[in-house]
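Protein chains: 8
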Amino acid sequence: MSAQDIRLDFERQSRLGFDEAIFCSGKTVGHLATILDQARDRGASLLLTRISVEQVGALPDAHRSAIDYEPVSRTGFFGRVGRPDKAARIAVVTAGTSDVPTSREAVRTLHYYGESAFEVTDVGVAGLWRLLDRIEEIKKFSIVIVAAGMDAALPSVMGGLVPGLVIAVPTSVGYGVAQGGETALRAALASCAPGVVVVNIDNGYGAACAALRMVRAL
Amino acid sequence: MSAQDIRLDFERQSRLGFDEAIFCSGKTVGHLATILDQARDRGASLLLTRISVEQVGALPDAHRSAIDYEPVSRTGFFGRVGRPDKAARIAVVTAGTSDVPTSREAVRTLHYYGESAFEVTDVGVAGLWRLLDRIEEIKKFSIVIVAAGMDAALPSVMGGLVPGLVIAVPTSVGYGVAQGGETALRAALASCAPGVVVVNIDNGYGAACAALRMVRAL
Amino acid sequence: MSAQDIRLDFERQSRLGFDEAIFCSGKTVGHLATILDQARDRGASLLLTRISVEQVGALPDAHRSAIDYEPVSRTGFFGRVGRPDKAARIAVVTAGTSDVPTSREAVRTLHYYGESAFEVTDVGVAGLWRLLDRIEEIKKFSIVIVAAGMDAALPSVMGGLVPGLVIAVPTSVGYGVAQGGETALRAALASCAPGVVVVNIDNGYGAACAALRMVRAL
Amino acid sequence: MSAQDIRLDFERQSRLGFDEAIFCSGKTVGHLATILDQARDRGASLLLTRISVEQVGALPDAHRSAIDYEPVSRTGFFGRVGRPDKAARIAVVTAGTSDVPTSREAVRTLHYYGESAFEVTDVGVAGLWRLLDRIEEIKKFSIVIVAAGMDAALPSVMGGLVPGLVIAVPTSVGYGVAQGGETALRAALASCAPGVVVVNIDNGYGAACAALRMVRAL
Amino acid sequence: MSAQDIRLDFERQSRLGFDEAIFCSGKTVGHLATILDQARDRGASLLLTRISVEQVGALPDAHRSAIDYEPVSRTGFFGRVGRPDKAARIAVVTAGTSDVPTSREAVRTLHYYGESAFEVTDVGVAGLWRLLDRIEEIKKFSIVIVAAGMDAALPSVMGGLVPGLVIAVPTSVGYGVAQGGETALRAALASCAPGVVVVNIDNGYGAACAALRMVRAL
Amino acid sequence: MSAQDIRLDFERQSRLGFDEAIFCSGKTVGHLATILDQARDRGASLLLTRISVEQVGALPDAHRSAIDYEPVSRTGFFGRVGRPDKAARIAVVTAGTSDVPTSREAVRTLHYYGESAFEVTDVGVAGLWRLLDRIEEIKKFSIVIVAAGMDAALPSVMGGLVPGLVIAVPTSVGYGVAQGGETALRAALASCAPGVVVVNIDNGYGAACAALRMVRAL
Amino acid sequence: MSAQDIRLDFERQSRLGFDEAIFCSGKTVGHLATILDQARDRGASLLLTRISVEQVGALPDAHRSAIDYEPVSRTGFFGRVGRPDKAARIAVVTAGTSDVPTSREAVRTLHYYGESAFEVTDVGVAGLWRLLDRIEEIKKFSIVIVAAGMDAALPSVMGGLVPGLVIAVPTSVGYGVAQGGETALRAALASCAPGVVVVNIDNGYGAACAALRMVRAL
Amino acid sequence: MSAQDIRLDFERQSRLGFDEAIFCSGKTVGHLATILDQARDRGASLLLTRISVEQVGALPDAHRSAIDYEPVSRTGFFGRVGRPDKAARIAVVTAGTSDVPTSREAVRTLHYYGESAFEVTDVGVAGLWRLLDRIEEIKKFSIVIVAAGMDAALPSVMGGLVPGLVIAVPTSVGYGVAQGGETALRAALASCAPGVVVVNIDNGYGAACAALRMVRAL
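Keeping their order, the protein sequence lines are chains A, B, C, D, E, F, G and H. Everything in the first sequence is counted per the working numbering, starting at 1 for the first residue and increasing by one. Everything in the second sequence is counted per the working numbering, starting at 1 for the first residue and increasing by one. Everything in the third sequence is counted per the working numbering, starting at 1 for the first residue and increasing by one. Everything in the fourth sequence is counted per the working numbering, starting at 1 for the first residue and increasing by one. Everything in the fifth sequence is counted per the working numbering, starting at 1 for the first residue and increasing by one. Everything in the sixth sequence is counted per the working numbering, starting at 1 for the first residue and increasing by one. Everything in the seventh sequence is counted per the working numbering, starting at 1 for the first residue and increasing by one. Everything in the eighth sequence is counted per the working numbering, starting at 1 for the first residue and increasing by one.
Just so you know, the hints here were simulated from the structure itself, not pulled from any lab data. All C-beta atoms in this analysis are idealised placements derived from N, C-alpha and C, irrespective of residue type, glycine included. Don't take each hint at face value.
Unchecked claim - To give an idea of the chain E side of the interface with chain G (calculated C-beta under 10 Å), a few residues:
(1) D9
(2) A21
(3) R50
(4) R64
(5) I67
(6) I143
(7) L161
(8) P163
(9) L165
(10) V198
(11) I201
(12) N203
(13) A210
Can you build the whole structure from these sequences, using the hints too?
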């Protein structure tokens, strides 16, 4: 793909307060390098999502060294240095350890924009006591991102315990009827708790953007 | 439909310990009357499920008066008198009041075979304290039937709190993605709690039969 | 259904700041009356959703006259008087007039809790100028609820123009592939705009609850 | 993933009588090693499911040698030694040899908790005589786990012949409409036999857990 | 709809050996009358399928009296007199009485073309002895049509016992996951027995046509 | 719904050359009357689609008499008089008579904008000679709209015989797997003929609009 | 998997006239070798389907040399020598060359049982003349197997032209909505031609078995 | 596959004005070589679609050097030299750079037949200004092909701004609910703009063929 096939949305920052994010899965190294060239030439920062170790490794040296990469979330910061120096205003919670790549994508997106996150992992409802042990801490946050796969019962339980905004991120964790995350997605949307909102499957980035839209108004 | 089109499975009682149950939804009154004639002629009992007030009302007097009818569950006992005189060995729990027609179908099926049920309603996870208030009582039962629609988070939470057999009955309660019960079904099957088993949507009868298969071996 | 089958979550108010809401579709008048009896006896208020003119008309006089009913949204306020006396902090936007029953359900839910809403209707993207005419007004709100059916392109366009939180409510408006709202739901979840969040199909109530969770923290 | 991202549910044993089971598919070796470290440090046992030969081979020596591995079921016992020294109380039956990985997962889970299993393979209904030859033996068990893919007709036939609890495990065996196991799942749920219960596709582990929940009450 | 909107395929008889069949569900009485006019004017016979008692009753007298109507199958013969005077060469079998409207549609289609049918009802696999009692009779037929809903296990069992052609007609009998017949359809297509063929859900007419295509070559 | 809830897109005519079309299914008479008031007040014309005889009959006299109504297509012209006085430039073809409501909606939409249509009905591929008899006439048109339900084989066959633009309109005609038109839709999209385009199920209006977009450029 | 996990249905030959067929996809070489050992020891023949070149190559020499392998269909004959020495009684037709692996599986299955096949390839309806050129030859056969993917229009057209039995084999050929063969399957089931029967996606083997069931009765 | 298994539709050119196009994905090199042999022997040109770099590289030298290959679109011209020497009459627009492989397939197909294309990339609605900047140029074209994945909001917005024919090509770009392109497809079909037509997912070739069918009549 040549450079003229690519036209980044550099004005997004002034319009929405977001830099453009590049979803890297499926993009060739050549394609990624062209994008980074354009960003560098304009002095723009970029958030790279779903970028694999292999993709980062194959980039030209100059680009590779300019990226702050984190492998669990498969995210990279290009240009901007994420400095989450404020106290956390957003909690990010997971049902199981397999949901961490998704929750960490949310955390890293928050970091990119300077927001800290309060992370709680492995509090799925099959072991309810694990959640109840932490719930008083979690309730203090007015925004709670919840990543859960399989039956995604955690967002419902959370929505019934926490007065703040609960943003559910269904994950593709699971097999059989859970495979691909469709069951988790539908369970989160059908939640019996009032006012739980949902983003696309595995979309930690989107959950963080929603939180950022909100937190700026606080 | 004429009498020779109908051949009831009267041997089911000796083979499985169950009388034949007649699923009445969609059957004409003539069809039902022929079935009841055959049962009466053999001195057999029948459990009637999904039989509406209108269907019962339109039956010939002799048949109608021979039926012990309960409208919430839409069940009727023909011939057999359900006498649940033992202490309850099975708990039947619902997430919301809209799940009661299904849970009551389970309870009535148990009654038909002489089993009492311990009923708990409206303990859905959106108000977790309602469940926790009752959980010690529920844990005493080695078989717990759980009817829940929408996101069906209750079977997962129950499966993590109760050591006995948890039989989930997803219900068709809900709208949008919950409509028809498919989301509740898939969430129950994808449960993160170990060993939760599931029956068809709205199948209170089937859940009770499973419980009966088990309770006989106790 | 008898009174003991119903156990309302009256503590929800103190836990989450929400009264219990009663989803009335499919409930019998007897069932509704029992619920209203319990609320009246405790001096509690209730928000009634999806309650038809026929259901309201069939209630006992005392209950009927105690309900503030609005037919487009099919909502009723029991007990509480909604007084949205503050300036609106939330915009509620629809793509077409067929989406108004859903958007009005959101507006009424906000009113029930004392929040005004800034309503904009019929700004679907097929006539983009209608939206662009109003966008500067809409951008002033930090929370924008968007109800749209069919292809639900409006939440994406809105998400790219508005810096605040965009809560998409897919509606069941449409036929063929749009029937039931599944296409609108999936399009909203797959939105190319960052940070659009989504609730269940036709769930104006849920969108409002999410907005209320947020607005209380502002 | 670092150690603090992982919080095992070690209390599950006292609450439910189950050790935590680790679903290993998709987990990195580093992730698995961290989990095994935590278990070893607490002196806890773990059941490992869906763990491939390659995963086991890549573990640190100390962990690898501590695992009792069985390749057909892809299960490993860490710490606990399964000693099924009682007479079998549970039958585990398969329709075809392709269902054996799933049925063997059930058998191994039972062994982990000290239960023997009576295994019968290749009795699918396309060759009905194979089933009828063995049915008298199978009927002696009050719990029968049935693994079947494709059209999953075996659970229905079994449910009509056996008075005990029939737990169907649909498998992902088959191609075309059978691919992924959804047809087998739905056929098992729609069974015309009364009281057949169902677990997730390929979930031999879950079927065994259900059986264990029951057998403890016998 | 006016007469010129309708162009029947009267040449089908010479081409395929079938008269045109009119699927009447959803057609207005005016539409049906126009079709019958055209057939009468050409001296052609027609097989009417899915025609309700109400539709027949609303036809002009001359047409109504010219129709040989059977209500269970909702079929009518216009013009042609079905005289099945040969010995039956085709067996038509049902799993349950609820499948009889579909199986009877097949039988009536056969009658229309002069073929007798050997009918066997209520031999579903939940009561396997009912089938085994009749299997020797059924095996004598080289074509066996099997109508079954829910989990449609009967075609598989039949396909393993009978050497002739087994034509499965999945029916829309059942609720929950069985609703609409999709599960029965997919189970029949995924049959573990070799060489079972399948037609559309509730398509008794199509199964009979397939049998007729075959029986003419015998 | 009140007048301010409705904002018609009267500028659509100048922008796209289309008047706004009102999809009437599900709209109340009050809603429709308000729309017609607005149109009348601006001297605008409207195309009404999916408007039933009952809806038209219930309108105020002044509106009713101002509508040119056609019941098969359920369309009405308000204000504008369709005068298709040119020779037809577009062929509209149906597979069966049940597809005529949809094809007639296309024809009426063309008439509204002054375009004649060349109509051919009942040329489905099950009687291929019916199509081949008419194909030379049809090939003369550079735009061919094809309405077909069930398996929608006609668009593929047409696409292989006709050099002009083939616009497939899948219809919801059929039962079982054909119900709702999804099979027809997918078959048309998967057509083996090059360059067949498709619109939503039953969307005769949309097919006509596409044809109009094209014919204006000829 | 050990030898006792495998129990072949060697009696199928006497019961149905079919040897057992082994679906090899997904089976390990060890598993296949055990099966072949059992067959050899009993002097039985086996039809191997979906067996890859790699699988055959990895078998022990003695087994490999005993297999008559054909790579397009991925079938192998073990033991039995297929000698199709009679004139063909069955036509096997494909829409495109990509359907040949499936149609060839049918042909090879017929050969295994001594039946010749009359093969016609590449007569899809997008180039209708290709089919019409061959239709008189095809019509002579009383059984016609039709393999077609994508929109599967060929079975419908064939069903309207040929008086014999038309057995449709939908194939997984195609992309987008055609991917996996579901569209082809549903189109074949919804065929507007009377009496077309259908087997599972890509199931050339099943289509041949159905033909064999029928041809034996001729 | 041998040469007689392949029968190209060389008459398509005279019938429809299209050469046969070969969909190369999944075809072996031997299969492709045979096809190219047949084309060369008849002096025919072929358009090769979805042909990978690896497939081209593995062809015999003579064939490889005769192919004009373009890797982004994965298309090859065999024989014919595409000379798009006229001014562009068709616009080809994409929402994002990930849609370029599909849009480029359309462009290359147009080139093969001598048509230029006016390409516009990266004008998705999340950054609406990018589209509005270019819309006046795009509106000049009477045919606009729009490739978009995810929520495919661009075809709707385009359909409301452009009076010409809008051909939507949904792409499989996206993850979660967008994966595979089904959401984009359904959103395009449900478009709220009048007269948008749709082709199969990722079917740039088909969109171009539709445009060619139309442009020839201009």
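Subject >> chain G contact restraint on A210(E) - CB to CB distance below 10 Å >> reply: With a closest approach of 4 Å, the A210(E) hint holds.
**OP:** Mind checking the CB of I143(E) against every CB in chain G and telling me if the closest is under 10 Å?
**Re:** Holds, about 8 Å.
Original post:
Under the criterion of a CB-CB separation shorter than 10 Å, is I201(E) in contact with chain G as hinted?
Top reply: 8 Å, holds
**OP:** Classify the hint on P163(E) as holds or violated, based on whether any CB of chain G lies nearer than 10 Å to its CB.
**Re:** Check passed: Cβ of P163(E) comes within 5 Å of chain G, closer than 10 Å.
Original post:
Holds or violated: is the Cβ of V198(E) closer than 10 Å to a Cβ in chain G?
Top reply: Because about 5 Å separates V198(E) from the closest Cβ in chain G, which is inside the 10 Å limit, the hint holds.
**OP:** May I ask you to test the interface hint for D9(E) with respect to chain G, counting a Cβ-Cβ separation under 10 Å as satisfied?
**Re:** Hint on D9(E): holds, closest Cβ of chain G at ~9 Å, below 10 Å.
Original post:
Does R64(E) pass the interface check with chain G, least Cβ-Cβ distance below 10 Å?
Top reply: 25 Å, violated
Subject >> When the least beta-carbon distance from A21(E) to chain G is tested against 10 Å, hint result >> reply: 7 Å, holds
Subject >> Residue hint L161(E), partner chain G, criterion CB-CB below 10 Å >> reply: 7 Å, holds
**OP:** Against chain G, run the beta carbon of N203(E) and see if the smallest gap drops under 10 Å.
**Re:** Interface hint status for N203(E): holds (8 Å vs cutoff 10 Å).
Subject >> Hinted contact L165(E) with chain G - closest CB pair below 10 Å >> reply: 5 Å, holds
Original post:
Against chain G, is I67(E) within 10 Å by beta-carbon distance?
Top reply: 20 Å, violated
Checked against the numbered hints given earlier, this structure breaks hints 3, 4, 5; the rest are met.
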